[in-house]
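Whenever a hint applies, use it, and build me the whole structure from the sequences.
These protein sequence lines map, in sequence, to chains A and B.
This note's numbering applies: residue -10 is where the first sequence begins, and numbers increase by one.
This note's numbering applies: residue -6 is where the second sequence begins, and numbers increase by one.
Think of the hints as simulated: they come from the structure by calculation, not from any bench.
Ideal placement from N, C-alpha and C gives every residue a C-beta, glycine not left out.
One thing to keep in mind: the hints can contain errors.
[What the hints assert, rightly or not] Subject to a maximum C-alpha distance of 25 Å in a straight line, what follows is the list of computed DMTMM-like cross-link-like pairs (lysine to aspartate or glutamate): (1) B:Lys690 / B:Glu600; (2) B:Lys280 / A:Asp120; (3) B:Lys176 / A:Asp40; (4) B:Lys67 / A:Asp120; (5) B:Lys188 / A:Glu191.
[To be verified] Beta-carbon label-pair distances, calculated as ranges: (6) B:Asp278 / A:Asn52: 33 to 39 Å; (7) A:Leu153 / B:Arg42: 26 to 32 Å; (8) B:Thr467 / A:Glu(-4): 49 to 55 Å; (9) A:Pro48 / B:Glu122: 38 to 44 Å; (10) B:Asp278 / A:Pro(-8): 45 to 51 Å; (11) B:Tyr156 / A:Val58: 32 to 38 Å; (12) A:Glu89 / B:Glu122: 32 to 38 Å; (13) A:Gly43 / B:Lys72: 39 to 45 Å; (14) B:Asp278 / A:Gly68: 28 to 34 Å; (15) A:Gln46 / B:Gln57: 55 to 61 Å; (16) B:Glu96 / A:Leu49: 39 to 45 Å; (17) B:Gln57 / A:Pro(-8): 42 to 48 Å; (18) A:Pro48 / B:Arg155: 23 to 29 Å; (19) B:Glu122 / A:Glu198: 53 to 59 Å.
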Amino acid sequence: MPPVNLELVEAFSAKAAIVNAVVQEVPSMAAALQYVVDVCESKAPAELLADEPGVEQGPLGPNKVPTRVQRVVAAPDLGEEDFAVLAKACEEKGFACLREGLRNRLAGIDVGLSRSLAGVAGSGTCLMNTDNEDVRLAGMISEIHIILLRKSDIYPDLPSIAPLLRERMNAGSASYTTLITGPSRTADIERVGAVGVHGPLELHIILLED
Amino acid sequence: MHEAPKSLSDYRKQMDEALQDDFLRRTLDTFAVSYRANREAVFKDVDERGLIAKIAEAKDYACQHMEELYQQFKEQAEKRGVHVHRAATAREANEIIARIAKENNVKRVVKSKSMTAEEIQLNPALEAEGMIVDETDLGEWIIQLRHEGPSHMVMPAIHLSRYQVADDFTKATGEKQDSDVQKLVKVARVQLRRKFIAADMGISGCNFAVAETGAVSTVTNEGNARMVTTLPRVHVAIAGLDKLIPTLDQALTALLVLPRNATAQRLTAYVTWMCGAGPCASAPDNKKIMHVVFLDNGRTEIAKDPLFSQIFRCVRCGACANVCPVFRLVGGHKMGYIYIGAIGLILTYFFHGKDKAKVLCQNCVGCESCANICAGGIELPRLIREIRSRVTEEQGGGAPAALLGSVMKNRKLFHSLLKFAKYAQKPFTGGTQFQRHLPAMFLGKHGFKALPAIASKSFRDRWPEIAPKSQNPTMRVAIFSGCAQDFVYPEQLEACVKILAAKNVAVEFPLEQTCCGLPLEMMGQRKTSIDVARQNVQAFAVGKYDAIITLCASCASHLKHVYPKILAEEADILPQARLFADKVIDFSSFVHDRLGLKAEDFTNSGERVTYHASCHLCRGLGVKEAPRELIADAAKYVPCEEEEVCCGFGGTYSMKFPEISARLLENKLKNIREARADRLVVDCPGCVMQLRGGAEKTGLNVKVQHIAELLAENLKH
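Below is the structure:
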């Protein structure tokens, strides 16, 4: 494990902030999971962008579609122990906590949590192993996407992640890797910036100590 | 998609409509200014020139090894369960994709942005097979609802206002929609989510096809490409063969420039790397059905062309449109067919044919702004000129071109006609219309504004009287005058001679020199252009001089950069032409860098003097500091907004497209007025002609001169 390079951490945080990502430093995994629960609790109810059979619907949201009553957190690539802790905390709040089956929730969920393999300081980017469809969806259909990134996994620039990317591509028979830099955004109408066109409305990055 | 213009007059009419579109003008103006500043800011943390050189090298290599890279990609991708196809033509590509759709019983298709799909007109082809095709990039969806083509490669709906979008969304949803942009974006979020869920097949473009691993990469901000490539059971990626790149390292390097150039972002929100057919819960056996369709459509042929193969360095960032002063005025629908901007003018010729390109390729003012920022360092204006000469050659130039050729080949005839014009113009003094690139007068076309008359005595006729005598000179130089200064503005050259004589530099003026040939290039007259280039090289006894000074930035940039290229096949003269090109230097650089003029050489007048940076000086030759420092030495330099934006002259361009030229001039004059200067100096007689004419016409009380005149006036004796 390489030592934490504070300069890279600082540069990463600054660049991520420029693209409207919320960067948080927390002391432990437990604190990170608590952060996830807190974010989910304080956000506005998720809007149901499409039909979802059997779902309990709340009042119309700002975009004139029904909202979800039960809050949903998805964390498909969390380790078993951590997932158990998160699930328990969610249960206490009455949230659903999912590891799979996100195709049944394509109308939209509250919070998606995933782990980043590497950060890129030059652009505030997170490299994600999204081979698993549920992991991919957690970062796509959630209103708030939260990414866990270890400080020691931050690389200086894009070319420096080439070996990592290559290793992933050559490891199995198929891979799907995503680089994420800030929340989903567009400037397609009059070049006015807007976030959350298809993907998350917010992106939070939690920087973990090793 | 829109019609390509069929004739110049038809095209000018179309552009006139665009010029009347106040919304478009305002949007593109704001964009041009903010883009420039934002781009500069995000390039601060990387080595721009170094990266561009690396991209050019990687893409050139890829172009030369296209076949091997295709085989390597295919092998790697097939190993990972991907079907790889190759389509020779647009039609074949459409057939392949339609077949894939039918084989998989596809009814609904969602698409993420792909210029290649636009190139082959994929949507109508699939719709003809009864499929429903929805674009999911916000801008693409908007223009699909309007049945229009993109007006920018990266921002396809930049020509539309929020009100137009609100109307379109109202129609599409059957509900009245607010014109608030944030709300409109959310309408798309809701509507398109449903389309993603319902789709059987997703079609994406491809920014990089990485040969070493068989991976396809897409670069997006909205995240629609992730949806398109994840939710439906079938994924088809379409890629031009030019998207093949050997390694991941090269793709990642290109990614340092692509988003910076496209939208002034360090990186887009999402970059996906799809390497093989992975799990997919909506597919029958939980495995994605993945196809990659490579499109040739002439690419393997272009790849063999020693000059044009460089077009494959293009990464489709759209920056050549972002900085184009003409795009800024008329927008993308008038600045391309399907591909937009400078690269669009070129690609139209190759992908959509001469008929679509012959008029479009005329619409480049040659200001070099695009060449200066292109992610792959493509020599865009040069290639556009090359296309023009191909079009001219293929069509035959007609009688005016033949006449022009015979006049220009014969210097004595050309110069006597110019002198004759001096008499011919007499009855019309004040109203006579002239261009700096005087040969154009023989085409019988008229300019759009009153321009100065031919001088009563040309510089070459004054030379015997004014030629200074020097003893033990510090340097020996020759002047290349260019037509405009020789015949219209001899006083500019005299100012230069005065400075050189004062600093004990020996000056010669070889009389056999003629037009530099740039206007001929602009008109696609390659053959004659080579003829005059030879004459000029032969006119100068190159070995004798320390430098060949020219006061015309356009001539300088043409002599220096273009001569060695157009004379490359002329073995007898090439070595001399190279030496000639090496010795050519612009006036400001010579007096600043070589002569070392400093503040103490001048009596600073304190006069407020502003500057217009001629395109061929600041970009063509990369000279930026010298003239500004010289102004500050001789007077009070007051900077002006957008000093480096083209004044709209562009030689023969201003005659072909007078309306555009006039608008560019108008913007320029507005900025000059706001600088509140007493005098404006420039490094090019063409700009003097344009700006002085404009200042006079609009009653702008600013003296417009060549920088040499300011310096000569304030030089200490």
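Honestly, which of those hints from before does the structure not fit? none
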